[in-house]
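Student: Respectively, the protein sequence lines represent chains S and D. Quick note, in our numbering, the first sequence goes up one by one and the last residue is 117. Quick note, in our numbering, the second sequence goes up one by one and the last residue is 1113.
Everything labelled a hint here was simulated from the structure, so no lab data went into it. It is possible that some hints are incorrect.
As the list claims (entries may be wrong) - Capping the alpha-carbon separation at 27 Å, the derived lysine-lysine pairs in DSSO-like fashion look like this:
{"hint": "1", "chain 1": "S", "residue 1": "Lys62", "chain 2": "D", "residue 2": "Lys1105"}
{"hint": "2", "chain 1": "D", "residue 1": "Lys1105", "chain 2": "D", "residue 2": "Lys1071"}
{"hint": "3", "chain 1": "D", "residue 1": "Lys1105", "chain 2": "D", "residue 2": "Lys1056"}
{"hint": "4", "chain 1": "D", "residue 1": "Lys1054", "chain 2": "D", "residue 2": "Lys1005"}
{"hint": "5", "chain 1": "S", "residue 1": "Lys16", "chain 2": "S", "residue 2": "Lys78"}
{"hint": "6", "chain 1": "D", "residue 1": "Lys1054", "chain 2": "D", "residue 2": "Lys1105"}
{"hint": "7", "chain 1": "S", "residue 1": "Lys15", "chain 2": "S", "residue 2": "Lys78"}
{"hint": "8", "chain 1": "D", "residue 1": "Lys1105", "chain 2": "S", "residue 2": "Lys78"}
{"hint": "9", "chain 1": "S", "residue 1": "Lys11", "chain 2": "D", "residue 2": "Lys1105"}
Said to hold, decoys possible - Between beta-carbon pairs, the in silico distance windows are:
{"hint": "10", "chain 1": "S", "residue 1": "Leu70", "chain 2": "D", "residue 2": "Asn1007", "range": "40 to 46 Å"}
{"hint": "11", "chain 1": "S", "residue 1": "Tyr10", "chain 2": "D", "residue 2": "Phe1046", "range": "22 to 28 Å"}
{"hint": "12", "chain 1": "S", "residue 1": "Glu83", "chain 2": "D", "residue 2": "Val1078", "range": "41 to 47 Å"}
{"hint": "13", "chain 1": "D", "residue 1": "Arg1108", "chain 2": "S", "residue 2": "Leu70", "range": "35 to 41 Å"}
{"hint": "14", "chain 1": "D", "residue 1": "Lys1056", "chain 2": "S", "residue 2": "Glu83", "range": "41 to 47 Å"}
The beta carbon of each residue, even a glycine, is placed where N, CA and C say it ideally should be.
The lines below spell out each chain.
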Amino acid sequence: EAGVVQSPRYKIIEKKQPVAFWCNPISGHNTLYWYRQNLGQGPELLIRYENEEAVDDSQLPKDRFSAERLKGVDSTLKIQPAELGDSAVYLCASSPSGTGLYNSPLHFGNGTRLTVT
Amino acid sequence: DQQVKQNSPSLSVQEGRISILNCDYTNSMFDYFLWYKKYPAEGPTFLISISSIKDKNEDGRFTVFLNKSAKHLSLHIVPSQPGDSAVYFCAATDLSGNTPLVFGKGTRLSVIA
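Produce the entire structure from the sequences given, and follow the hints as far as they go.
Tutor: Listed below in structure tokens is the structure:
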């Protein structure tokens, strides 16, 4: 089976510019996650979708971050405007389970490395 | 306040010997634990998991031990191989789904031939 696909792999932007990341989850996976991984840290959840509904966005900085998952498949994460502290790897993950079943192992994409200068 | 702690940033082991990676957690609500392995420029991949009803789970060369009273788990790799060199993340959640998967900072394992 094809894995979680993310693009772009790398992005370098100047601060205050907008940026967007795209994710295509594994076919049939209803649950989609966006994580952010800062250097030397573990991944931290930004938002979780069950199909097209965002069921946990408590850690998403809503003043500058937004996400959407139209039709419950692909997802886009946007930052506008970007700040220096947003430099990190943004990881998308998916799992087959439905609502509340966090115990399904997550399948991660290779991530987008964002550098804000 | 870190709920999942991996206190060893790095570990070096000779090929063929045992690698032991440790993880501590503070949240008593966690009852399901996972280990992920990450190579450079790739996303983390699931390795092995254990629920709180068990104290040991084994999959080939990989065994995870859970000590609930100590809130401690460990991953044993025997025998270690050069291809095991990667960053290993411990993660925790609860089976009810009320808690998002929480990751530790990771331990970089180097297996020396």
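Student: Are the hints correct? Go through all of them and say.
Tutor: Hints, verified against the model:
no.: 1; hint: S:Lys62 to D:Lys1105; verdict: 25 Å, holds
no.: 2; hint: D:Lys1105 to D:Lys1071; verdict: 17 Å, holds
no.: 3; hint: D:Lys1105 to D:Lys1056; verdict: 23 Å, holds
no.: 4; hint: D:Lys1054 to D:Lys1005; verdict: 21 Å, holds
no.: 5; hint: S:Lys16 to S:Lys78; verdict: 13 Å, holds
no.: 6; hint: D:Lys1054 to D:Lys1105; verdict: 24 Å, holds
no.: 7; hint: S:Lys15 to S:Lys78; verdict: 14 Å, holds
no.: 8; hint: D:Lys1105 to S:Lys78; verdict: 25 Å, holds
no.: 9; hint: S:Lys11 to D:Lys1105; verdict: 24 Å, holds
no.: 10; hint: S:Leu70 to D:Asn1007: 40 to 46 Å; verdict: 42 Å, holds
no.: 11; hint: S:Tyr10 to D:Phe1046: 22 to 28 Å; verdict: 25 Å, holds
no.: 12; hint: S:Glu83 to D:Val1078: 41 to 47 Å; verdict: 45 Å, holds
no.: 13; hint: D:Arg1108 to S:Leu70: 35 to 41 Å; verdict: 38 Å, holds
no.: 14; hint: D:Lys1056 to S:Glu83: 41 to 47 Å; verdict: 45 Å, holds
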